[in-house]
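Enquirer: Once you know that position 24 of the sequence shown is 24 in our numbering, the rest is easy, because the numbers rise by one and skip nothing.
For the record, the hints were derived by calculation from the structure and aren't laboratory data.
A portion of the hints provided could be inaccurate.
As the list claims (entries may be wrong) - Pairwise CB distance ranges (calculated): (1) 31 / 59: 38 to 46 Å; (2) 31 / 53: 30 to 38 Å; (3) 38 / 9: 28 to 36 Å; (4) 30 / 10: 20 to 28 Å; (5) 59 / 19: 34 to 42 Å; (6) 12 / 50: 19 to 27 Å; (7) 31 / 5: 26 to 34 Å.
Each residue gets a CB set at the ideal place from its N, CA and C atoms; glycine is no exception.
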Amino acid sequence: MATAEEKRKQEEFVEAYLRERRGLLPANEGQAETAAVQAFQRLNHWVHEARKRREASDS
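Could you build the full structure based on these sequences and the hints that come with them?
Expert: Structure below.
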């Protein structure tokens with residue numbers, strides 16, 4: 001489970017990414033948001049998998 005601090009940092013990352021993408025592709029804002037959500041989901045998946053591997057190696 002992500003701590004409140006981790007969750008806040010992740011949300012800030014996504015917001016910053018969305019702001020950047022909107023600035024780069026204002027005509028494709030919907031696509032930029034979709035890409036940001038997908039990137040965020042991949043990031044969460046990688047973090048989860050890394051935690052599982054770390055916990056498995058610690059046991």
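Enquirer: Which hints from the list above does the structure break, by number from lowest to highest?
Expert: Result: hint 3 breaks, nothing else.
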